[in-house]
Structure formats: structure tokens, C-alpha cells
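Chemist: Need the complex rebuilt from these two chains, each delivered in its own frame; the hints are there to steer you.
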Amino acid sequence: MNIVVCVKQVPDTAVERTLRPGDATLDRESVDGLINELDEYAIEEALRISEAHGGEVTILTMGPQKAADSIRKALSMGCDKAVHLLDDGLAGSDALQTSYALAQVITRTGFDLVILGSESTDARTGLLAAMLAERLGVPQLSLASKVEIDAPAIRIHRQADYGYDKVEAALPAVVSVVEKINEPRYPSFKGIMAAKKKPVQTLSLADAGIDPAQVGLAAAATEVVSWAQRPPRQAGTIVKDEGDGGAKAAEYLAAQKFI
Amino acid sequence: MAEVLVFAEHTGGEVKKVTCELLTLARRIGEPAAIWTGPDAEAGRERLAEFGAARVYVADGAEFDEYVTGPKAELLAALVAEKSPAAVLVAGTPEGKEIAARLAVKSGSGVLTDAVDVTGELVAEQSIFGGSIVVRAKVRAGTPIVAVRPNAVTPQAEVGAAELVPVDVPVSDAAKGAKITERVMQERGERPELTEASVVVSGGRGVGGAESFALIEQLADSLGAAVGASRAATDAGWYPHQFQVGQTGKTVAPQLYVAVGISGAIQHRAGMQTSKTIMVINKDPEAPIFELADFGVVGDLFKVVPQLVEQIGQRQA
Ligand SMILES: Cc1cc2nc3c(=O)[nH]c(=O)nc-3n(C[C@H](O)[C@H](O)[C@H](O)COP(=O)(O)OP(=O)(O)OC[C@H]3O[C@@H](n4cnc5c(N)ncnc54)[C@H](O)[C@@H]3O)c2cc1C
Ligand SMILES: Nc1ncnc2c1ncn2[C@@H]1O[C@H](COP(=O)(O)O)[C@@H](O)[C@H]1O
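Chain order of the listed sequences is A and B. With the first letter of the first sequence counted as 1, position 161 gets the number 161 in our numbering; the numbers rise by one all the way through. Take the position in the second sequence, starting the count at 1, then add 1000; the result is the number in our numbering.
It is possible that part of the hints are untrue.
What the hints assert, rightly or not - Restricting the straight-line Cα-Cα distance to at most 20 Å, the calculated cross-link-like pairs of lysine to aspartate or glutamate (DMTMM-like) are:
hint, chain 1, residue 1, chain 2, residue 2
1, A, K146, A, E37
2, B, K1303, A, D241
3, A, K166, B, E1182
4, A, K66, A, D112
5, B, K1176, A, D165
6, A, K180, B, E1095
7, A, K180, B, D1235
8, B, K1283, A, D244
9, B, K1176, A, E168
10, B, K1106, A, E168
11, B, K1179, A, E148
12, A, K240, B, E1193
13, B, K1303, A, E56
14, B, K1017, B, E1050
15, A, K240, B, D1300
16, B, K1016, B, E1193
Hints were generated in silico from the structure; no laboratory data involved.
One chain only, chain B, in its complex shape (with noise of 0.2 Å):
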């Protein structure tokens, strides 16, 4: 059975979700062999094999943390020469559609993003002008790279032996172009990462002010959500521009969307249309936002929002 490489994300050695999404695809289309770079691949395995990872190629080298994207692309492009795998598939998070994007240049691939699922026979499922229509698409040259939306598709375990394999792949000067030069964290909590969460709770300019996104994160926090903001209030500065949802921010597609405070303008709802549910705190019932809503409630959210929290926790006591 043919390979199906899978580019595995981590931070220090805790194999993000995505990946392990990303197993459960592979599995369909051929034998999945996950992709390590950096350190940790042994506290990362157990995960990998938990979703079926035959393999891991492991590529320990410290400049796959160093440089932006080349190296990673440049050891793709080796491992996808000398395994002709079935198909590759990545992330789709920015990072991840680059290094697609240089494997594609590299192997004289096509590449899909976006994808929400994808079939045994490579069949990928696009969600484009944000969610209002739905494309089958496929690769027709070289090996098929797949850039996979986060949270599209339930992980499910089958366990694999994720045989660790090392792999010495030299990285060329010409890949080592932009160096890092510091990480600079900023504060999120404890809180999920957006794309990840399976519960966003996101406000708008309704919230009213910086103070008042408090508000937001308590409901978040009550129900172990992450929190997203429009471009409204990012614009604002009430909320850092990294938690814009949307088509110019982030897309998510959780289990559970509360938007609370935001009208739902279409480019508003280009990122988050395809959550499984959506509940809206507006106090406009012309709103467009409610167009979307599972669950809506008319009302002032800073009436509705500090009951619902309270009921939450009362609910979880």
C-alpha cells in the first residue's frame, strides 16, 4: 500500500490536534507516515501511533526551528522523491500552506487548500467564498498535496506502530534564506488555540470597549472555549488583531460558535459559517447573524452573557 505522508505539527513534542486529524484522512487514501521535525519525536510517537501512523520520519536537525519554512520544504521534497507517496497532506494554517506551497514548487505538484474532507480516491471537499459553496476537487499533476482546515474532521484512533525512522536530509544554504531570530510569545491563557478549539466564543462591537472583552472571556473560560473577535473590535483595539475571525482573519469551523455582539456581515461569516452550531447574543433581532443561528437570543448581552455564565457554572457545580 502506498505511503501517505503526513507533515506532523507539535509544540514541544505534544502533537497538535490537527495531526492526528490529518492520520485519520491518510488512513483512507494508503499506510500514513507521519513527518517529525525538530526534537521530542519520542514524547510526540505514543500520539502518532494512537491515530495510525505506521512510520515517523524523524528529522531532528535544530534549523527546522531556525529559518522560515525552507528547510521543512526541502526535506518534504526529499522524502516525497524518494517514497512516492500517494498524496501529502498538510495543516492548512498559514505555515502550513507555505511549506505546501514549496513542496509544490519543488515536485511540479498541484495543491489543494481548504480542504474539509478528502475521499480514499484523493477527491477533496473545498469550502471557498466562505462556505456558500462546496467543491470537489482533485490534483492531476505530480503527488497530490492536501492542506486540511483544522477541525474539519473527527479524529478517530487506530493504532499504528509509528516505528521511529531517522532521516538525514542535508539542508541547502539557499533554504536557510530567513533566519529566526526570537519567538516572542503573546499572553492567551490557558486558552485553546483558535483554529483548534472545538468551542469559539467571539465578540463584536457590541461588546463595547477593551474592558468589556472580559466579559467574553468569561464566558469562554465557563465553557473551555477560545475566544475570537470581529474586525470590529480588532480594528477597535479592544482585542488583538490575531483572534480576528473571518475572511481577512482566522477561519474556524468548531463544534460550537457564539457570537456575541456581531451582526454577521459577510465577511464576518467567511470565517465561521461552517461551525457545526451556532449561537448568537444580539440585540437586534434584524440582525443577519441570526440567519446562521441554531440558538439566538434578543437581548443585551451584558444582561444575557453574565446569566448564561453564572448558569454555566451552576450547571457544572
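Only chain A is shown next, with the shape it has when bound in the complex (with noise of 0.2 Å):
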């Protein structure tokens, strides 16, 4: 089994991010990187998928040299190789081309399973598995809390508001993952060692076979018109239960005219 892992290196969400006054693309020099947490256990998945049916675990990360770190980690979790789409005429890719830079590299790569994150925690946007499912032309089975091998077959069970969808397709296929699916292990003493072996392929646009006129913000088929902070809410008003903070709370809701 040939699984490749879509890893996307994020900002820290417990820091103040914002945007880049110039362009309005993420700021991502002055916060810390760390991998997205969904896709963490994406690739927990993909270890246990390889651990149960063998094959091979590639980690595919498209970011700025500073991702390197997390592709890195994502090897000393257990990961066998890398692949680093890094090459400057990409920034300010919005999804659908993103989309379509990693879709090149899977189809170059070959793939019997590519797994994804729900979401990432700064675009969260939520598109690229559908997008990469469909340009890839294989089956999308994405937010799944569970995963279920039986080559050729796959079943998983689908996050939907009223519970979930059990569903199933012939591999190959892309997957994502929600956060229910596992408990992403933490990176042994060994393989963090053994991680510094193994082996990362670096990518340039050309390198992939990636039209540069189809990526980069200036191309992106999206566009930021303009931006500001939200202004901070108002204060609101504070009680100390007395006895009396229920009775309170229930007059304010009817001030409110919630009840």
C-alpha cells in the first residue's frame, strides 16, 4: 500500500496571527510553524493503514523552507520518505490551485491512498480533499472518523450532523480525517534518529511539472479585497452570584427578550 499524506505546516494557533500589510497572504515568518493538528492524525492513520497492511508512508508538505521542520517530525512519528513542494512562484496559492500543484506531484508519486486533514487551522477552508478527489479522478471519502481496509475495498464512516454515513469505495481513493479517528502517537527518542535519515525530495515547479501560470497569488482565483481587525466587543456587564446569579442571568435574558 502507497499512501501519500498531505501535511501543511501552520501557524501556531495560540499566538495572534494576522495578515501581511502589503498583499494580505498570512504572515507565516513571524509566528512559529507547527504541523496542522488534523494532520497529525492523518498520518497516524496512514502509520496504522502501513503497520496493518504494509507499504510505505510519504508525507507531502507544499510550504516555504521553513516547513521543512514539520516535514521533519512528521518523519520521526514514523513516516518512511518526504516529498517538499517548495518553490517561491507558489506562495499565495489560494485552494483550488493548491489543489492542482498537489495533484501533480501525487499523480508523478503514484498512489493506492492520500490522506488529508479535514481542515487546515489558519486557510480552513475544508476544500482540498473534495479537490484533490476530484481532479485525481478517484473516490472522495473525506471526514472520516473511521477507516477500514479490505483491498480493494475501503469503508469508512463519514462525520454528518445526525451521526454519521458508513461508506465505501474501490481503492485508490483520498481520504480525510476528523480529530474522533485516533490519538496521534508522539515521536520515540528513535524515531526522531531515525528521521534524520530518511530521505526528503525537494521540488521545484519544474520539478513536478506545475504550470507556474496556474499558481501564485497572482494568479489565484480568489482575491483579497481588503482586510481589517475586528473590533473588539463591548464590555458587558458582570455579576458575582449572590444567591441571586441565576435570577439575574434569567432577568437579562428576558431584558434581551431571549425568553
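Modeler: Okay, here's the thing in C-alpha cells:
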């Protein structure tokens, strides 16, 4: 089983994130980069599948030089190798372009399974898995809270508002995972040492056969017109419960016509 | 006037509120036309008319409900090619966004997600980084596709003809890759859907256990609210994961959000801070969630919530 895991480096969510004044792209320089949290679940699922069914797990990251740190971390969790798509021409790409670039690489490396997080914490578009399925022309098994492989069949539980759907397809396929699916492992000391020697292939646009006219800020299908910090909320009324806290809350709700 | 296609969401013929919100926005841009997949269009028609749909394109094949997103995206792509609409609006739900994603690839169009407003000139307002930044953005390639966050706008009625127009788009085998073999309904009782509810009551670690979530449910039911939970509560297994609010859970923007025993970590705030009114019940006056509160009670939730439920009951009697 040849598994590709798409891993994105994102700014730490615990610190204030902002846009750059010039081109309204995310300021990735001033904030620490981490593996997008849901992508750790994607990595864990890939490792479990390869442990149970054999095969190789390849990390695929598109991102600046700095993203190499996240790639190392992913390798230290136990993945076998990585591809880093790195080219200044990619900066400012939107979801449509990112999916095109990732699909170009994945088509070249070949795959039985592509696994993604269902959403990134910075862009939060949740578009990538469906776009990749569409581009690669394979089944979309997204929002998975459970994955079961019985090659060539693959079955998942797809999270829904009302519970979940059981979904079945034939490999190759694209899977995206939700947080409930597993508990990602921590890299072991041995894993960290081993990761230093694992192969990381760095690809430019030309190496990956990506048309430079179809990626990057200038060619993006969407455009930021303006942006602003949201004004802080007005300070509210805070009362201390002196045995009447519930009553006061009810009074407030009544005054606001909620009851 | 150019058409604006609105992908209608419904369960058993009942049109979801978010669809009425989309129709309200679509009227600013052009002439709204709804797209209906599956049976029961006749049942949903009245509501679509009430919110101004000029017509309803109906594809009633069973395959739209039997496979993951592929058939719906194919239908939309066919309609986009045939009608050259000014824009396509979908609900900003996980599935709505996936349909938008596939349509974007098929039609070479840009997609804007998480829109909280859309102008007549198709500039979308997006709330990003958990609501701390407001962005105005537009699509400059293909047919603009906008996924609008549920509850972001107030639906306004305006009568439309809602003429039912059957469409016959054959679904390709390629679109039928992922087959839905069973839908498993997990109990939610009679409560409204979390992302659509106008009132949400959420419990956090302070609630202390699965049994005491009954208290959160009682408060929710007294307000006709949906129940939410912080990640601390869902991780502990006190409440099912699909009710998690926050960065890695649902984003909600109700009229009223009540946070009970929740500290207000940045990742939780990311899912709720655009709520119109926020009420907080927490025993720690230093909890950061109070910074968002329009009204806050510093106190023990096991004393405050029962009294609140009782008082609401009395006032509503
Ligand atoms: C990448 C990432 C993603 C995350 N995504 C999410 C997410 O989507 N949603 C989310 O919620 N969190 C998320 N988190 C976790 C988040 O950081 C917090 O850990 C979590 O929100 C804390 O939940 P809590 O407020 O319920 O618990 P705590 O922070 O433990 O707060 C409990 C609060 O309850 C109060 N309390 C205790 N007892 C009582 C009582 N008897 N009466 C009144 N008040 C009481 C306490 O004063 C305290 O303020 C994420 C974290 C990371 C790193
Ligand atoms: N630049 C990238 N490189 C690799 N994977 C990515 C990248 N951007 C997004 N992804 C993948 O797509 C998923 C969803 O991201 P998004 O659609 O941006 O919310 C992430 O969890 C990643 O698995």
C-alpha cells in the first residue's frame, strides 16, 4: 500500500495571527510553524494502515523552507519519506491552485491512498480533500472518523450532523480525517534519530511539472479586496453570584427578549 | 437579470433555514434559482417561494443521496455551464463546501468559504482566524462560488414564483465512486441542529462529567437551544464529538451563546466569538471567556444553572 499524507505547516494557533499589510497573505514568518493538528491524525491513520497492511507512507508538503521542520517531525512519527514542494512561485496560492499543485505531485509519485486532514487551522477552507478527489478522479472518502481497509475495498464512517454515514469505495481513494479517528503518537527518541536519515525530496515547480502560470498570488482565483481587525467586543455586565446569579441571568435574558 | 444558483439543503422535503438565508443574499445579486436534489421538491416549494426563488431546478434521481458529493457536483457543473449564472451560493457546511470544491475544479472557478455576508457586487465578507480578522474578498476566475456560514444573515421573505423545472442530468460512473451504504442517526432528541440554532448552550470541563451534562441539556431545552461542548468535554467523553464547538469543531454564530464552565481558550473562541450575544457562567472571574461576555455570572454552575432554568420556567409559564 502506497500512502501519501498531505501535511501542511500552519502558524501556531495559540498566538495572534495576522495578515501582511502588502499583499494580504498570511504572515507565516513571525509565528512558529507547527504541523496542522488534524494532519497529525492523518499521519497516525496512515501509519496504522501501513502497519496493518504493509506499504510505505510518504509525506507531501507544499510550503516555504521553514516547513522542512514539520516534515522532519512527521518523519520522526514513523513515516518513510517525504516530498517537499518548495518554490517561491507557489506563494499566495489559493485552494484551487494548491489542489492543482498537490495533484501534479501525487500523480507523479503514484498512490493507493491519499490522506489529508479535513481542515487546516489557518485557511480553514476544508476544500482540499474534495478538490484532490475531483482532480485525481478517485472516490472521495472525506470526514472519516473510522477507516477500514479490505483491499480493494475501503470503508469509512463519514461524520455528519445527525451521526455518520457508512461509505464504501474501491482503492485508490482520497481520505480526509476528523479528530475523533485516533490518538496521534508522539515521536520516540529512536524515531527522531531515524528521521534525520530519511529521504526528503525537494521539488521545484519545474521538477513537478507544474505550470507556473497556474499557481501563486498573481494567478489566484480569489482575491482579498481589504481586511481589518475586528473591533473588540463591548465590555459586558459581570455579576457575582450571591445566591441570585441565576435570577439575574434570567432577568437579562428577558430584557434581551430571549425569553 | 442573471440567475444566482442556490444549492438547497433539505431533509425529507423540509427546507433548511440556511437555504432561506442563501436566497435572501442571492436576491441582492440577481434572480435566485434553487437547485433541488432528490424527492419531495413539491413539499419544499412553498418555502423556497416564500424567500424569493424564481424557479427550482429539480433533479429527483435517487443517486444524489446514494453517493458522496460527486453526483451533486456534477449536476451543479452542468447547470453552471448551461445557465452561466452570476454566482453559485452553497451552505458553508462541511458537505456544502465539498460540493463547492468539486464544482470549482470542474468549472475552473474560485471559491470563497466562511462568508458571513455577500454584497450585490459579489464581494464576500469573511471572518478568519476565529473571527479576529474580517476580510473582504472576491472571485476573479470562473463563476464565483460562495459558501456562506449558516446563521450569518437574517432570512427575509419576498415572494417568488418557485416554478418547478425538472432537469435531467445523467450522472457519470466517475461521480459514483463513494457509495453511502447506511445512514446512522445518533440521538439528538428534538433539539435544533447546532450550526443552525439561534440559541446554543455549551458546557465545558467545569460541568465535571457526563451525567451533569443533563444540566446543560435542561438549560438548552428551556431556551429551545442546541447543546454544544468544549473540546475538554468531548475529549473526556462527556458529550459526543460532533457537538464540539471551536477551531477543530463546529463554528457557530447564534443570536445567543451561553458558555457554562468553559474557560475560553483561543481555540474555543474561534468557533463562537461571532455570536451576537454571549452569556457566561464560570466560577473563575479571571477566565478569559468573560472578555467576550455581554452578560456574565461569576459563580458555581451547579447553583446558577438550576436557578436559571427554574426562573426561565416561571417566566415562560
Ligand atoms: C490545535 C488545537 C485545537 C483545539 N480545538 C478546540 C476546539 O475546537 N474546541 C475547544 O473547545 N477547544 C479546542 N482546543 C482545546 C482548548 O485549547 C482548551 O483546552 C479547551 O477549550 C478547554 O476546554 P474548557 O474551557 O471546557 O476547559 P478548561 O479550560 O479546563 O476550563 C474549565 C472552566 O470551567 C470553570 N469551572 C470549573 N468548575 C466550575 C463550576 N462548578 N462552576 C462554574 N465554572 C466552573 C473553570 O473556572 C474553568 O474556567 C484545541 C486545542 C488545540 C491545541
Ligand atoms: N500546502 C499544503 N501542503 C500539503 N497539504 C496541504 C496543504 N494545504 C492543505 N493541505 C491538506 O489539506 C487539508 C485541508 O486543508 P484546507 O482545505 O486548507 O482546510 C489539510 O489538513 C492538509 O492535509
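Chemist: Now look at each hint and say whether the structure bears it out.
Modeler: Against the structure, the hints come out as follows:
1. A/K146 <-> A/E37: Distance of about 17 Å is within 20 Å: holds.
2. B/K1303 <-> A/D241: holds, 9 Å
3. A/K166 <-> B/E1182: holds, 5 Å
4. A/K66 <-> A/D112: Roughly 29 Å between the alpha carbons, so the hint for A/K66 and A/D112 is violated.
5. B/K1176 <-> A/D165: holds, 15 Å
6. A/K180 <-> B/E1095: Judged against 20 Å, a Cα distance of about 18 Å means the pair holds.
7. A/K180 <-> B/D1235: The given pair, whose Cα atoms are some 9 Å apart, holds under the 20 Å limit.
8. B/K1283 <-> A/D244: holds, 14 Å
9. B/K1176 <-> A/E168: holds, 11 Å
10. B/K1106 <-> A/E168: violated, 23 Å
11. B/K1179 <-> A/E148: With Cα atoms ~15 Å apart, B/K1179 and A/E148 stay inside 20 Å; holds.
12. A/K240 <-> B/E1193: Roughly 32 Å separates the two Cα atoms, so the pair is violated.
13. B/K1303 <-> A/E56: violated, 55 Å
14. B/K1017 <-> B/E1050: Between B/K1017 and B/E1050 the Cα gap is close to 12 Å, so the pair holds against 20 Å.
15. A/K240 <-> B/D1300: holds, 10 Å
16. B/K1016 <-> B/E1193: Measuring from Cα to Cα gives roughly 10 Å; hence the hint holds.
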